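Protein chains: 2
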Amino acid sequence: MDAKQPHQLTRKGRATRQRILTIAAAQMFRNGVAGTTTDDLQRVGGISPSQIYHYFGDKKSLVKAVIAVQTESVLRIQGPLLSRLDSFEALEAWRDAIVDLQQARRFEGGCPLGSLAAELADHDAEARADLAAGFARWEAAIRDGLVAMRDRGELSPDADPDALALAMLTAVQGGMLMTQIRHDTVALRTVLDAVIDRIRVHIRA
Amino acid sequence: MDAKQPHQLTRKGRATRQRILTIAAAQMFRNGVAGTTTDDLQRVGGISPSQIYHYFGDKKSLVKAVIAVQTESVLRIQGPLLSRLDSFEALEAWRDAIVDLQQARRFEGGCPLGSLAAELADHDAEARADLAAGFARWEAAIRDGLVAMRDRGELSPDADPDALALAMLTAVQGGMLMTQIRHDTVALRTVLDAVIDRIRVHIRA
DNA sequence: CGATTATTGGAGCAATTAATCTATTTTTTA
DNA sequence: TAAAAAATAGATTAATTGCTCCAATAATCG
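Residue numbers (our numbering), protein chains in the order written: chain A, 11 to 215; chain B, 11 to 215.
Hints are computed from structural coordinates only; laboratory data are not their basis. No false leads were slipped in.
Identical copies carry no separate label here, and so any pair may be met within one copy or between two of them.
Heads up, simulated SDA-like pairs for lysine to any residue below, C-alpha to C-alpha not over 25 Å straight-line:
id : residue 1 : residue 2
1  : Lys74     : His193
2  : Lys70     : Ala25
3  : Lys70     : Pro59
4  : Lys70     : His193
5  : Lys74     : Asp194
6  : Lys69     : Pro59
7  : Lys74     : Ala44
8  : Lys69     : Asp49
9  : Lys69     : Asn41
10 : Lys70     : Asn41
11 : Lys69     : Gln37
12 : Lys74     : Gly119
13 : Lys22     : Gln37
14 : Lys70     : Ala44
15 : Lys74     : Pro59
16 : Lys74     : Leu31
Keep in mind the model is a prediction, meaning the values are calculated, not measured.
Using the sequences and the hints given, assemble the complete structure.
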């Protein structure tokens, strides 16, 4: 799909490819794409340049694969929380999970997808498209949670899950960035509470 | 304050310094800090490396000065709009100004402060502090507008201008980033409307 | 087993980058 | 106007970067 496929991968090859991806994703999350060099991967993971270019062809393709990895990672973490949005308390638990994660990261790194987007969106059209698709899936997961709530009658029929989900995702992005800037989670918590309060209006006792 | 001061600046020197700052700010907004090189400034503005290092000492100091320039620029644009927040219509006008600006920029570049923050916050403590201070001033401008509304009786006394202002600023940041990613202003408009609706609840007829 | 193919190490390259140095011109000042 | 200081051009440098190449090793398969 997204990687160079010039030859068959052996078991060992697949393992190496995966190891490169994992380390590259972590490194790009910490230091950005531009701040991640072949030398870094060499130092941190003992990965030789020839390995990187054997499995990914060029840096742009590696970045593309990292975007895919981070997208799946975010959805894997968010999915379970969002599919169980069966009460106002569940919304608060979801908010707390995000806030606590940023706290645990000591306010460094922002959103794994949002940070990549800020760096790449303007100058890598393909990356932007992939990231937009990832955000669309995230948005859909939030919306589905709200729709399920509405279908079960916990949310009044006049609630607009589309608008609320998009607002929520956008609020998360702003909140994560503000966390990085302020080195606290106040702004993140405040903006999430603001959007949650808009949902609360529609909650049925 | 923030620049190397090894000698007195003449009128010509001040003009050159200012020209470097203007061009560097524009270039870093377009291409990021890492994406802006001495060669770029040379090509775009005919600025020789010796001029840059004569007036700013090193790149980090230039970046610091660019942060100051962008902060003043944002506050200069936002200030007048925020100090006239005397009605719900004024809030909508402020929202439209932000949305229209991103539209005019064709969805490229995000927020001039937010983009710098995303790139620098984790690896330049001084830059992060300056940006945090800039955002605090922006937040204060929003809050002052809301407080004035409340003092004039247009907002009910139980409105919380602090929380609303912080949520609003954070929503703007998320919305600007989403604009870059999605190449439309829907998310920006939606999240701003969500926060504005929270303010609307407190508006007195 | 033996041939083919995949994997890897590591030297090395061309281009780029932040920053420096020297020499020259321009401006200010006394 | 002459000396001092400031501004500038442009060549240069040391380090870094993305990437390539070749030779050697390991895995797979008929």
